[in-house]
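Please work from the sequences and hints to get the whole structure.
Read top to bottom, the protein sequences are chains A and B. First residue of the first sequence: 1, per the working numbering; consecutive thereafter. First residue of the second sequence: 1, per the working numbering; consecutive thereafter.
If you are wondering where the hints come from, they were derived from the structure by calculation, not from laboratory data. Hints are not guaranteed to be accurate.
Stated by the list, open to error - Now the in silico label distances, taken between C-beta atoms and shown as ranges: (1) B:Thr271 <-> A:Ile260: 21 to 29 Å; (2) A:Gln189 <-> B:Tyr12: 39 to 47 Å; (3) B:Lys81 <-> A:Gly231: 46 to 54 Å.
To be verified - Below 27 Å or equal to it, Euclidean Cα-Cα: the simulated DSSO-like pairs (lysine-lysine) are: (4) B:Lys81 <-> A:Lys246; (5) B:Lys182 <-> A:Lys215; (6) B:Lys239 <-> B:Lys195; (7) B:Lys259 <-> A:Lys246; (8) B:Lys252 <-> B:Lys182.
Bear in mind that the values here come from a model prediction, so they are computed numbers and not experimental data. The beta-carbon is built from N, C-alpha and C at its ideal position, and this holds for glycine as well.
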Amino acid sequence: MAEPILSIEGVSFRYPNQSDYAVQNVSFTAERGEWLAIVGHNGSGKSTIARMLIGLLRPERGAIRLFGRLLNDATVWEVRRRVGLVFQNPDNQFVGATVEDDIAFALENNGIPRLEMVERIREAIRQVHMEPFLHYEPHRLSGGQKQRVAIAGILALRPDMIILDEATSMLDPRGREEVLETVRRLNRQQRITVLSITHDLEEAAKADRLIVMNKGEVMAEGTPEQIFRLGSKLERIGLDLPFAVKMGSRLRERGIPLRIGYFTTEELVEELWTLYSKK
Amino acid sequence: MDIVFEKVEHVYNARSPLARRALYDVNVAIRSGAYVAVVGHTGSGKSTLLQHLNGLLQPTSGAVKIGEETITSHKRPNQLKPLRKKVGVVFQFPEHQLFEETVEKDICFGPLNFGVPEDEAKRKARELIKLVGLSEDVLVRSPFDLSGGQMRRVAIAGVLALEPEVLVLDEPTAGLDPRGRKEMMEMFYRLHREKQLTTVLVTHSMEDAARYADEIIVMHEGTVWGHGTPEEIFRDADKLTAIGLSVPETVKLKQQLEKRFGVVIPSPCLTLEQTAEAIEQLFVKGERP
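Below is the structure:
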């Protein structure tokens, strides 16, 4: 097995003046090109993990390794260049007066020569399908468009990993779909590792693997299929289940002998059809 | 309070080169005591519509009647104060509006401004904090030491402190986790019934619209595209899909089952329970195709 792109070993963190740990003894890894979702209720510690990964917060105990190197004061700048974080609120992450300036900002900070900057901006804006908006002021864009510009700003730095910290939770359904579609394409085509931090289980269902956080600790880890089998355990810790799973369990309660392990409405329809036609 | 929109038009930056028409030909009536959901995607005019409900915006032409009050382009803003007391608006991310040193002061701010005696305002704060699901000892704390979900409940208590007859909710559960969302929606539904409010919910969640609303108003490109009961609105799912809106997951399932099974499911399938029942019926009664 290849060396993981990210590994977290026994990490704990507490905010100043708090006796309870926000994150306690958390360990997990991510492989290159993987889409890993961290799910959990509000306050379960998932955003704290994201902040530690780019060195905004420092763990009290444990070690974080990215790209095979220990995260510390000496490596944090390299990590920030290679890992892009998309925050929850699309209005909190703009500095430029136009979309183009905004994407240029990080490139300038990294001392990229002008000619190369122009090329990289063009490439990044194309990857998020926002070419017509290059000269727009960011505040004139929709929420989904803003988040795609934020992603373009990250792409221009040619990152190895993108972290989405509840990046779709303030968007309308259309905006959410736009952003997830963009990220999915980047993940598949360019093998950019994706870490999505979310409480939206429909978003999490798209990941290769899920880590479920509860009260600062890892409660479960597995493929979406394995995790959704936990059923009401997920509901008890404040999460939801995909629609087809909820519907299926209600139908079983009514004596329809459905098997377990489908997540989409299409799969549920096929399962019902199989039972119905056998009657 | 009955709410009536008559030929309402709203133009932002009217008589300037930046003029943009956000609403036109809006004619809609909301009866007193109804729970109404307003749906439509970003830019459809639903936020502009909402801001007419307590006079934050005045129509460029036409009239908005709220109870005894009529708002037209001629009404002077200082005449709108009584209306602001009767219509409480919970904006998106209301926790951003908290500013006082303690939760109690924050909840009392509105009533004190409307001339309610301090004792009375404090008594109300104690009552309301429990009503929104927090304990009384939160009152002495700084609102900024609370979690996001708790802050939002405090902000809602501040809106309820004015004892509004109409409660307007703009995406009140955005950013909350699934349990928080459900608890908050149940809380608003309870308030709606107990206080006999007229509730206007602006939402992207078709599930919430189907579950809680008596009526749904669909906004599209600046005007009312449709208005009816959830059953009526979601009956023609294809039309909604054509204007870029979705239908509840239960209705999608119903559509797919009808297609795959070659049957017509009579139930509107608006909730999980209703849908489970309809599918059970299909299995009990259904003949082999």
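Now the hints, each set against the structure:
no. : hint                              : verdict
1   : B:Thr271 <-> A:Ile260: 21 to 29 Å : 22 Å, holds
2   : A:Gln189 <-> B:Tyr12: 39 to 47 Å  : 40 Å, holds
3   : B:Lys81 <-> A:Gly231: 46 to 54 Å  : 52 Å, holds
4   : B:Lys81 <-> A:Lys246              : 47 Å, violated
5   : B:Lys182 <-> A:Lys215             : 20 Å, holds
6   : B:Lys239 <-> B:Lys195             : 36 Å, violated
7   : B:Lys259 <-> A:Lys246             : 22 Å, holds
8   : B:Lys252 <-> B:Lys182             : 21 Å, holds
Violated hints, in rising order: 4, 6; the structure is consistent with all others.
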